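All chains, please: the whole structure from these sequences, using the hints.
In the order they appear, the protein sequences are chains A and B. Counting the first sequence from 1 gives a position; the numbering used here is that position plus 331. Counting the second sequence from 1 gives a position; the numbering used here is that position plus 68.
Quick caveat, the hints were computed from the structure, so don't treat them as lab data. For clarity, every value in this text was computed on a predicted model and none was experimentally measured. Even for Gly, the Cβ is constructed at its ideal location relative to N, Cα and C. Treat the hints with care, since some could be wrong.
To be verified - Computed footprint of chain A on chain B; a stretch qualifies when at least three of its residues, placed anywhere within it, have a C-beta under 8 angstroms from a C-beta of chain A:
no., stretch
1, 83 to 93
2, 99 to 113
Stated by the list, open to error - The calculated lysine-lysine pairs, modelled on BS3-like cross-linking and capped at a C-alpha distance of 27 angstroms, are:
no., chain 1, residue 1, chain 2, residue 2
3, A, LYS373, B, LYS127
4, A, LYS400, B, LYS112
5, A, LYS362, A, LYS410
6, B, LYS172, A, LYS383
7, B, LYS158, A, LYS373
8, A, LYS369, B, LYS158
9, B, LYS158, B, LYS172
10, A, LYS377, B, LYS290
11, A, LYS369, B, LYS172
12, B, LYS112, A, LYS377
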Amino acid sequence: MSKEYQMRAAINQKLIEMGERERLKELLRAKLVECGWKDQLKAHCKDVIREKGLEHVTVEDLVTEVTPKGRALVPDSVKKELLQRIRAFLVQHAAL
Amino acid sequence: MKMEEKPLSGPDNTRLEALIQDIYSELVEDACLGLCFEVHRAVKQGYFFLDETDQDSIKEFEIVDQPGVDIFGQVFNQWKNKECECPNCKRLIAASRFAPHLEKCLGMGRNSSRIANRRLASNNNISKSESDQEDNDDLNDNDWSYGAEKKAKKRKSDKNQNSPRRSKSLKHKNGELGTSISLDPYKQYNYNAGISFESLGPNEVRSLLTTQCGVISEHTKKMCT
Numbered sequence: 332m333s334k335e336y337q338m339r340a341a342i343n344q345k346l347i348e349m350g351e352r353e354r355l356k357e358l359l360r361a362k363l364v365e366c367g368w369k370d371q372l373k374a375h376c377k378d379v380i381r382e383k384g385l386e387h388v389t390v391e392d393l394v395t396e397v398t399p400k401g402r403a404l405v406p407d408s409v410k411k412e413l414l415q416r417i418r419a420f421l422v423q424h425a426a427l
Numbered sequence: 069m070k071m072e073e074k075p076l077s078g079p080d081n082t083r084l085e086a087l088i089q090d091i092y093s094e095l096v097e098d099a100c101l102g103l104c105f106e107v108h109r110a111v112k113q114g115y116f117f118l119d120e121t122d123q124d125s126i127k128e129f130e131i132v133d134q135p136g137v138d139i140f141g142q143v144f145n146q147w148k149n150k151e152c153e154c155p156n157c158k159r160l161i162a163a164s165r166f167a168p169h170l171e172k173c174l175g176m177g178r179n180s181s182r183i184a185n186r187r188l189a190s191n192n193n194i195s196k197s198e199s200d201q202e203d204n205d206d207l208n209d210n211d212w213s214y215g216a217e218k219k220a221k222k223r224k225s226d227k228n229q230n231s232p233r234r235s236k237s238l239k240h241k242n243g244e245l246g247t248s249i250s251l252d253p254y255k256q257y258n259y260n261a262g263i264s265f266e267s268l269g270p271n272e273v274r275s276l277l278t279t280q281c282g283v284i285s286e287h288t289k290k291m292c293t
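Take a look at the structure:
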């Protein structure tokens, strides 16, 4: 298993070193804003906050409430495009 | 990057796919976390609900979705039929024609100066007809500015067919600057529609054909220069 782990670590390092991870992050963020995901999730946050009370909300609360919904709400097109780009990067740079 | 494990690609693609999915999930989680931090900070700093504080102005600026009206609630061609008084000529002009009218009325703007120049030029040509080509040079230079040339092309039928300026400018186009003076007497024949060689004497025909092409076009009946 550690070989697998090493390999993954090496790939991640390559992603970061080549700046691709940043680019992918920015791309994802931009697409999510464009498609309205961010606004949807913000509205959901408002509900959570009203429920828990404005004064007592913690980061953990938000994270546990918001992350699963966030993952589910990503539109298919955005997901496909990102998977495609990651695959392309790996195929090109990871000596497969 | 050398790997000692068996490669990711090939028949066993599931490992590659799993890796891709993991990278993707990390990125999505990063995005969600980013949003959470942003929201949490907004809550603690007190500006999260700022856009909901003023109910009155929310109602006032709400998006309008009715037929015949834009999203601000304004009617589209409300000002189309209004009239405005021109400060110069004191006439009542329709709103959509107001700006062009002002241009002409006040004598400013590109079109009005072009029209004025053209009028001056054609007035000068009607009064000083065939003599003194050189004197008309300065006026003729107006021909070569872009706009005037365009107008000259467009309004060919309007202009005087016999005007020497017209024949001179056409001659320039064909590159025969040197012959303008010698062909003075023939100018009025050259560009008329329906010219025929029978109307010219043999000497005239000879000198005409030794300097110009002379082929008469089937369509326009004009002579090639």
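message: Of all the hints numbered above, which does this structure not satisfy? Sort the numbers upward.
response: As far as the earlier hints go, 6, 7, 8, 10 and 11 are violated by this structure, in ascending order.
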